[in-house]
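Given these sequences and hints, build the entire structure.
Using the UniProt record's numbering, you'd call the opening residue of the sequence shown number 1 and step up by one each time.
If you're looking for bench data, these hints aren't it; they were derived computationally from the structure.
Note that beta-carbon positions come from the ideal geometry of N, C-alpha and C, so glycine has one too.
Take these hints with a grain of salt, some might be off.
Restraint ranges, calculated between C-beta atoms of paired labels, are given here [as the list claims (entries may be wrong)]: (1) 44 to 23: 25 to 35 angstroms; (2) 47 to 20: 38 to 48 angstroms; (3) 45 to 23: 23 to 33 angstroms; (4) 65 to 45: 43 to 53 angstroms; (5) 43 to 21: 18 to 28 angstroms; (6) 46 to 24: 25 to 35 angstroms; (7) 24 to 54: 27 to 37 angstroms; (8) 57 to 19: 38 to 48 angstroms; (9) 21 to 74: 40 to 50 angstroms; (10) 73 to 23: 37 to 47 angstroms.
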Amino acid sequence: MRLRNVMVSPILSNSSLAEQQAERGRCLAKCCNRTLGDGHDPLPIGRAALEPAIDLALRYSAEQGSLPREPSLDEV
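As structure tokens, this is what we get:
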């Protein structure tokens, strides 16, 4: 399913405004409730879910010299 910006999408049919809003709502609900085929949530929530990304950002920042050293996750 192709995502589109519901705020700027053109009116493509002669349906009523209420019908268009309902369709946009259904599309948004599908997008918000979507998971990948393996059941993995594409928008993880919480520290435990984000730790791999945080760890990677810390490592890259230290390698590139943005941080004087790589801090541990407990320090962040």
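Tested hints:
1. 44 to 23: 25 to 35 angstroms: The hinted range 25 to 35 angstroms holds for residue 44 and residue 23, with Cβ atoms some 29 angstroms apart.
2. 47 to 20: 38 to 48 angstroms: 40 angstroms, holds
3. 45 to 23: 23 to 33 angstroms: Holds: the Cβ-Cβ distance is about 28 angstroms, inside 23 to 33 angstroms.
4. 65 to 45: 43 to 53 angstroms: 31 angstroms, violated
5. 43 to 21: 18 to 28 angstroms: 24 angstroms, holds
6. 46 to 24: 25 to 35 angstroms: About 29 angstroms separates the Cβ atoms of residue 46 and residue 24, which means 25 to 35 angstroms holds.
7. 24 to 54: 27 to 37 angstroms: Once the Cβ atoms are compared, 34 angstroms apart, the range 27 to 37 angstroms for residue 54 and residue 24 holds.
8. 57 to 19: 38 to 48 angstroms: 44 angstroms, holds
9. 21 to 74: 40 to 50 angstroms: For residue 21 and residue 74 the Cβ distance comes to about 47 angstroms; the hint holds.
10. 73 to 23: 37 to 47 angstroms: Taking Cβ atoms as reference, residue 73 and residue 23 lie about 43 angstroms apart, which means the hint holds.
Hint 4 from the earlier list is the only one contradicted by this structure; the remaining hints agree with it.
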